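Chains A and B are the protein sequences, given in the same order. When we follow this note's numbering, the leftmost residue of the first sequence carries the number 4, and every step to the right adds one. When we follow this note's numbering, the leftmost residue of the second sequence carries the number 4, and every step to the right adds one.
Hints listed in this document are in silico derivations from the structure and should not be mistaken for laboratory results. These numbers come from a predicted model, not from an experiment. Mixed in with the good hints, there may be bad ones.
To be verified - Chain B residues, not near chain A, derived (Cβ > 12 Å throughout):
no. : residue
1   : K6
2   : T45
3   : A162
4   : K193
5   : S238
6   : V243
7   : G335
8   : N379
Claimed, not checked - Selected chain B positions facing chain A (Cβ under 8 Å, derived; list incomplete):
no. : residue
9   : V67
10  : A78
11  : S261
12  : L263
13  : V364
Stated by the list, open to error - Below, simulated EDC-like cross-link-like pairs (lysine to aspartate or glutamate); rule was C-alpha separation at most 16 Å, straight line:
no. : chain 1 : residue 1 : chain 2 : residue 2
14  : A       : K197      : A       : D228
15  : A       : K21       : B       : E36
16  : B       : K347      : B       : D397
17  : A       : K340      : A       : D296
18  : A       : K347      : B       : D397
19  : A       : K347      : A       : E36
20  : B       : K68       : A       : E63
21  : B       : K398      : A       : D100
22  : A       : K68       : B       : E126
23  : B       : K347      : A       : D100
24  : B       : K68       : A       : E36
25  : B       : K6        : A       : D315
26  : B       : K179      : B       : D190
27  : A       : K347      : B       : E36
28  : B       : K68       : A       : D266
29  : B       : K343      : B       : D160
30  : A       : K6        : B       : E79
31  : A       : K398      : B       : D100
32  : A       : K68       : B       : E117
33  : B       : K340      : B       : E79
34  : B       : K68       : A       : D397
35  : B       : K343      : B       : E20
36  : B       : K385      : A       : E138
37  : B       : K21       : A       : E36
Here a beta-carbon is modelled for each residue, glycine too, at the ideal position from N, C-alpha and C.
There are 2 protein chains.
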Amino acid sequence: MAKISNISGFPEWLPEEKILEEQILRKIRSIYEQYGFVPIETPAVELLTTLAAKGVVDKELYAVKRLHAEDQEEAELGLHFDLTVPFARYVAQHASDLVYPFKRYQLQKVWRGERPQKGRYREFYQFDIDTVARENLPLSCDAEAFTAFEQALSSLDIAEYKIKVNNRKILAGFFKSLQLDDAQRHDAVKAIDKVDKIGKDGVLKELAAAGISESAASTIITLCDYRFPLAKFESEISKVDVDEPLFLEGVQELITISSLISDQAREHTEVQLSLARGLDYYTGIIAEACFLDYPEFGSVGGGGRYESLVSDFSSLSIPGVGFSIGITRLIGLILDKKLKPITKKSFSTVLVAVNSEEDRVQCNTVAAELRAGGVNTEVFFKSPRLGKQIEYADKKGIPYVLFMAEDGGFELKDIQSGEQKSVSSVSELIAALQ
Amino acid sequence: MAKISNISGFPEWLPEEKILEEQILRKIRSIYEQYGFVPIETPAVELLTTLAAKGVVDKELYAVKRLHAEDQEEAELGLHFDLTVPFARYVAQHASDLVYPFKRYQLQKVWRGERPQKGRYREFYQFDIDTVARENLPLSCDAEAFTAFEQALSSLDIAEYKIKVNNRKILAGFFKSLQLDDAQRHDAVKAIDKVDKIGKDGVLKELAAAGISESAASTIITLCDYRFPLAKFESEISKVDVDEPLFLEGVQELITISSLISDQAREHTEVQLSLARGLDYYTGIIAEACFLDYPEFGSVGGGGRYESLVSDFSSLSIPGVGFSIGITRLIGLILDKKLKPITKKSFSTVLVAVNSEEDRVQCNTVAAELRAGGVNTEVFFKSPRLGKQIEYADKKGIPYVLFMAEDGGFELKDIQSGEQKSVSSVSELIAALQ
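Please model the complete structure; the sequences and the hints are all you need to start from.
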């Protein structure tokens with residue numbers, strides 16, 4: 004007999020947990036579709052050369068190989084570690100077959116060979132949206148994707164959240180105004196991004212190590228205190244005395260985006276001028292969402308604008324903006340902190356109880372009619388005493404049990420309240436159960 | 004720049020093709036949920052020892068390893084090649100946490116390192132349902148799963164289909180009545196299963212090679228001619244003169260199942276006594292579906308009853324019955340033979356045209372109201388002349404374009420018919436577009 008053991012870092016949910024995940028995924032998907040994002044899917048594997056194109060640390064990569072590959076010529080493959088690289092490759096490969104602006108969502112598992120620990124998985128779902136266009140992508144797209152992203156976060160309905168935003172141009176312009184060179188600007192972005200983890204002293208140390216003067220560093224560190232609601236950004240930022248054009252351009256972009264997003268999104272958003280996000284490819288707005296009550300959980304999602312998505316694969320100019328939600332970590336948090344009731348072990352609305360096997364065909368017929376009327380319906384698989392059948396419905400979280408009455412009508416029992424009522428026809432049942 | 008190339012055997016759909024796949028998946032999922040099947044998902048990887056438990060040909064397995072695994076102790080992993088083995092492992096592992104009968108669906112990609120060719124993929128979706136119970140699973144479960152499976156096939160609406168069924172007990176009883184020993188019965192099952200590929204002569208050769216006498220072989224070969232509609236099975240099978248109890252038990256099972264399935268399922272089903280299905284674990288009903296007009300396509304799905312799902316992992320007795328649909332091959336067929344129109348590049352119902360950037364906030368507001376009313380709505384990302392915007396909607400297959408009228412009302416254009424009508428309020432719009 005083969006031994007069973009958990010594979011560390013590869014989570015597996017019980018049915019009631021998977022149902023919760025499904026409900027969340029469907030909500031998010033429906034929101035993204037409301038905005039016109041369409042699904043795409045890429046293979047789980049890419050060429051290793053594709054995965055390495057953006058210079059990922061390859062220690063985290065999972066290589067995939069036929070167990071007994073005879074053919075040494077076979078392509079070297081790896082599991083994708085995010086959805087951005089596969090999407091970039093997809094857009095480059097199919098560029099002439101897409102209609103622009105191309106707005107896609109992508110919900111897939113990704114794999115990273117990181118050391119597994121609480122809230123860190125080796126296999127996890129990401130849910131990404133991105134809008135890309137040829138040559139020129141107006142800020143309306145940043146605003147739209149951001150609004151959809153915020154609405155998705157809001158739909159989770161599990162905890163207070165906040166989206167921190169900044170603009171890479173604001174940072175770059177600020178550093179430019181301090182006469183930092185390219186390498187220093189790069190190091191300064193990395194350093195200030197860590198202020199929540201290493202504190203201001205830590206940031207100052209890194210700035211010094213990057214050869215940045217004390218006076219510039221002390222100016223840079225003031226960025227950490229610039230945190231204000233997006234709604235107040237325009238008036239607050241005007242107090243910051245920087246006239247570097249790049250800085251002003253970034254400020255103006257954020258003001259424009261703020262004017263185009265939903266009120267609800269604006270209310271949940273805070274500008275933090277220290278926010279930098281590690282990845283190199285961002286060029287405009289950047290954002291990161293967190294739960295106020297679970298700071299240790301870190302980011303639930305984030306994203307931003309990048310001027311050239313496909314540059315690693317094509318010479319086309321295809322700017323984009325996108326946001327990603329880390330689904331599996333989110334489910335892990337919900338389960339860990341019990342943020343949602345996990346009671347449903349079924350999507351069924353009603354269980355048809357079976358008095359005896361002679362009644363089964365009739366029960367099946369009623370069930371078929373209910374299903375055709377949009378009511379998810381189970382028929383009990385045996386015909387034991389009714390108490391047993393009610394117990395099953397209760398265990399699965401099926402809210403109603405239906406009994407065939409002797410007069411050809413039905414008795415409908417609400418399991419929660421215990422109430423039972425007579426219903427004379429299937430159409431009446433459908434109306435009651437929808 | 005990293006070179007892009009297709010990875011042979013790993014299909015990737017364009018957005019409009021993926022939308023088609025999504026529509027099919029949603030239909031099937033909704034049908035399975037109507038019957039009370041709930042989703043589960045297992046990791047893409049299993050321990051190699053788990054995958055090998057059922058004695059799979061390991062040449063087809065994909066092994067997964069961190070590219071620079073330092074730790075030699077790390078578990079040896081492979082991508083799952085079907086959903087049955089992971090499901091068996093899942094049930095064994097979580098047996099005490101499940102409510103029985105446990106009815107699950109599972110839609111996941113599986114990977115097989117077979118030589119890629121037309122209609123054969125290395126990565127593909129399978130959509131499985133199974134019902135399992137402790138100790139004893141009544142035939143009502145076979146009938147229910149079969150009915151749901153047939154309804155899923157029917158929902159595809161692409162071609163005439165037929166489900167061939169048989170019962171392993173009929174075959175085993177038949178062979179027993181001919182005094183075949185265990186090994187010969189096993190070989191006879193394998194041989195007769197191939198009759199559509201190798202013809203009767205081929206089957207006879209294999210039977211001879213298995214040491215089966217000529218007279219027994221000539222009796223076995225008559226099975227190939229027993230093909231009749233399920234509705235006529237009871238009367239037709241009574242003409243077959245076998246009184247081996249196992250044979251009669253198999254016959255009775257099929258008759259019972261036939262009495263419990265939907266009329267529609269019965270009408271699409273044919274008993275073929277030569278149907279055997281290769282896999283060893285089937286013990287009762289077996290089924291295989293095909294499209295009448297595409298015999299070369301082979302099976303679109305199939306399944307059957309197995310007495311012990313988890314025996315490789317646990318000593319529990321957990322019988323089950325289940326059916327599987329090969330989604331990716333199906334999509335491949337639809338695309339290849341153009342069995343469905345591939346016109347929708349979007350789930351959106353309406354595009355809000357933007358006259359000028361000053362109108363964008365107002366357009367966003369209307370769009371938000373439409374979305375809240377259940378209408379998938381896009382807002383055009385720029386504000387060029389309206390012809391350009393209509394062209395975009397047309398290219399994406401968005402059926403309506405909405406213009407803001409000067410009087411504060413709206414003009415709604417039906418792109419197909421070219422008709423345009425005035426609508427005065429958003430609620431009227433929602434009613435018109437839902």
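- Evaluate the condition: distance from the CB of A162/B to the nearest CB of chain A exceeds 12 Å. The claim holds: A162/B sits with its nearest Cβ about 23 Å from chain A, beyond 12 Å.
Query raised in the report: Straight-line Cα separation of K68/A and E126/B no greater than 16 Å?
Result: Holds, at roughly 13 Å.
| Straight-line alpha-carbon gap K68/A to E117/B, limit 16 Å | holds, 12 Å
Proposed proximity, D266/A with K68/B (alpha carbon, max 16 Å): Violated - the C-alpha atoms of D266/A and K68/B are around 47 Å apart, more than 16 Å.
Quickly compare the C-alpha distance for K347/B and D100/A to 16 Å and report which way the hint goes. holds, 14 Å
Can you confirm whether the C-alpha distance between K343/B and E20/B stays at or below 16 Å? Distance ~10 Å between K343/B and E20/B Cα, so the pair holds.
**Request:** Verify the proposed pairing of K347/A with D397/B, using a straight-line Cα cut of 16 Å.
**Result:** Violated, at roughly 42 Å.
Problem set entry | Hint consistency between K197/A and D228/A [alpha-carbon to alpha-carbon, up to 16 Å] | Since the Cα atoms of K197/A and D228/A sit roughly 14 Å apart, the hinted pair holds (cutoff 16 Å).
Check your understanding: Is the straight-line distance between the alpha-carbon of K179/B and that of D190/B 16 Å or less?
Key -> holds, 13 Å
Report task. For the pair we were handed, K343/B and D160/B, check the Cα-Cα distance against 16 Å. Result -> Holds. K343/B to D160/B sits at ~9 Å (cutoff 16 Å).
For the pair we were handed, K398/B and D100/A, check the Cα-Cα distance against 16 Å.
holds, 11 Å
**OP:** For the hint on V67/B, just tell me whether its beta-carbon gets within less than 8 Å of chain A.
**Re:** Status holds, d = 5 Å.
Comparing the model with each earlier hint shows violations of hints 1, 2, 8, 11, 18, 19, 24, 28, 33, 34; every other hint is respected.
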